[in-house]
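Read off the chains here:
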Amino acid sequence: MPGAVDVRDRLAGFEPVVDDAIASVQPPMPGELWARGHAWSTRRRRGSLAIGVVAAVLFLAVISMGWVRAAPVLPAASPDTEVTLPDRVFEVPRWLPAGIAGESVVAVTETERAGWTGESQQLAALTASGRYLFLHLPGYADEGFALSPDGRHVGYWTTGPPSGDPHTSDGQGLPVTGVAVYDVVAGTTVRHEFETRHGLSPHGLIWSDTQTVLGTHLQWMGGDHATNAIAAGGATNPRSWSWLIGEEGASTLELPRNQWITWSAEAQDGVLLLLEDDRSWRIEVGTGRTTRFTLRSQTGSIGTSGSNSDLAADGTLVTVGDPDLPGRMPNRVRVTSIDRTGLTSRPRVVPGSDRTYQVLGWRTPGTLLLVRAHGDRSRRYSIDAVDVETGESEKVVALGSTAGLGWSWAEDLLTAEVVPGVAPPSPMDPRVLVGRLIAIVLAAGLSLVWWRRRGQP
Amino acid sequence: MASPESFEEFVAARYRALVRTAYLITGNHEDAEDLVQTALARCVGAWPRIHGNPEPYVRRVLVRENVTRWRRRRWRETSTCLLPEQVAATPDLDSRMELAAALRRLAPRQRTAVVLRHVEGLTERETAHLMGCSVGTVKSQVHTGLARLRDLLGDGLPASAGALAQ
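Protein sequence lines, in the order shown, are assigned to chains A and B.
This note's numbering applies: residue 13 is where the first sequence begins, and numbers increase by one.
This note's numbering applies: residue 21 is where the second sequence begins, and numbers increase by one.
It is worth saying that the hints were derived from the structure and are not from the lab.
Note that the structure is predicted; figures quoted are calculated from it, not measured.
Even for Gly, the Cβ is constructed at its ideal location relative to N, Cα and C.
Take the hints with a grain of salt, since some may be wrong.
As the list claims (entries may be wrong) - The following residues of chain A were derived to be distant from chain B, with all beta-carbon distances above 10 Å:
| # | residue |
| --- | --- |
| 1 | P42 |
| 2 | D99 |
| 3 | A126 |
| 4 | L149 |
| 5 | G156 |
| 6 | G418 |
As the list claims (entries may be wrong) - Selected chain B positions facing chain A (Cβ under 7 Å, derived; list incomplete):
| # | residue |
| --- | --- |
| 7 | P24 |
| 8 | E28 |
| 9 | R36 |
| 10 | R40 |
| 11 | T58 |
| 12 | A61 |
| 13 | H138 |
| 14 | V139 |
| 15 | L142 |
Claimed, not checked - Covered stretches of chain B (chain A as the covering partner; in silico rule of three or more C-beta atoms under 8 Å from a C-beta of chain A):
| # | segment |
| --- | --- |
| 16 | 43-51 |
| 17 | 148-155 |
With the sequences and hints as input, model every part of the structure.
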């Protein structure tokens, strides 16, 4: 290619011409370039250092903020920790860590727990020393739980693989196959699996004393792939059972015909009450002795884990529901007495018990603990101690908003000393934390590059 | 010894050679001097490391600074289209102005690659080292640059290489 050769030759011949062009060029004054370069170099170094320092400070600030927000407020607990009730209950932070309480818990609630890949419903506990933490419950099925009266154990329905096609309501839930008891002090779990083809339809779970948990479940008639609509959505074969911690498995509990343990049942010291509006039952779990009685104007469940009633060891029964305000919630509270023969006294309304949602138990022999609402527009809730004779009321625990209604309290620990509640740590979303750190590093890097390039000597 | 004296000695000895390279890759006398002085000042901070054999480092800074300037678009905004008066005093004015103008119309990286390879006579590896790129990139840039020069100068090339060389 002659053209290409010519271009190269012309370029080669261009060099002496350039020499002529720059013949008059003289170096700058001695020292001028050195001083200029030295000043620029110093400026550049100081700017880089400043950017580095700012980035390091920001980095440490974010790390410190994350650490401070995640730091435990109280020291580690021991089983001997004195039981206290906080005067205020806080909302459970979604990023609170899970762990072993190491002490009794005064209350538990089901709430949303955040993870790196999403949220799930988990049980959070308020411990005897006022700490908050999530409980690690193996196989938790999110189908109900029950806290033992002494705050030592949590019973809950467990998930697992059934022998046949699992019933999950098209992936909306997990197949339930058993029940478990978690020891909050030791962190150990005892599980009991029931034979099931498609999974269980759980109904109620309740502690009859500190060592025995009772429950009722049905068997789903079909799994997710059942072609028969009735089979897919129906449950049959109810079974009520009693499980003593430490025993190999649950033993069948004989209940009156068509009677099941539901979330409105109540139990104390081996006595189970099945409370319905038209007829109620008193069952002695150990002997099976059953008594029927009538207690009108019970209120239905309000969808919380709290109880509508309380049975004391001496047979005193407290229920939410006034015959003059039938079927309403909140309602007033009535007190009656029950023994092996049925009702022994006429129910009477507790004065000053208006707007009660739950009955928790007795704080003193004459003082009930009730969950009540306050305020009209911005409704707040609290646990109030109400004198059953005079109706005098005193706020014991502030529950805050609706979320406070979800706590399930250990009945035997309600007499504990009330102390100022301490807010739980609120750990930052680690994804945000990591994002901020990466952003700081990137910003610092880009700033350094920008700074080192922009300056001209 | 890394001292201002050694730096000044280097500047005194190699300033003209550096300006010549800068002139070839910028196409402008004033820009060439500014580029060389900027590159030298940038090397002051590194002088303790490079003072034993500073020229490769200085030339590398020179070439890369030129590309950086082009990227910032500052260069084109401030450059002039006039050749230095020294060129105007030579006999083959038209031919050299035509070549210089054609060089200026190349993209900076192409112009740098062509100048270093075919005016300065560096090898492809040396050119790649100075430009901070691969040998393949140098080959590509030179090939494209020469093709562009041929287009700009025309196939006939009435002003022969011999005339320029003389």
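Going through the hints against the structure:
no., hint, in the structure
1, P42, "violated, 5 Å"
2, D99, "holds, 65 Å"
3, A126, "holds, 45 Å"
4, L149, "holds, 60 Å"
5, G156, "holds, 66 Å"
6, G418, "holds, 61 Å"
7, P24, "holds, 5 Å"
8, E28, "holds, 5 Å"
9, R36, "holds, 6 Å"
10, R40, "holds, 5 Å"
11, T58, "holds, 6 Å"
12, A61, "holds, 3 Å"
13, H138, "holds, 4 Å"
14, V139, "holds, 5 Å"
15, L142, "violated, 12 Å"
16, 43-51, "holds (count 3)"
17, 148-155, "violated (count 0)"
Of the numbered hints given earlier, the model fails hints 1, 15, 17; all others are met.
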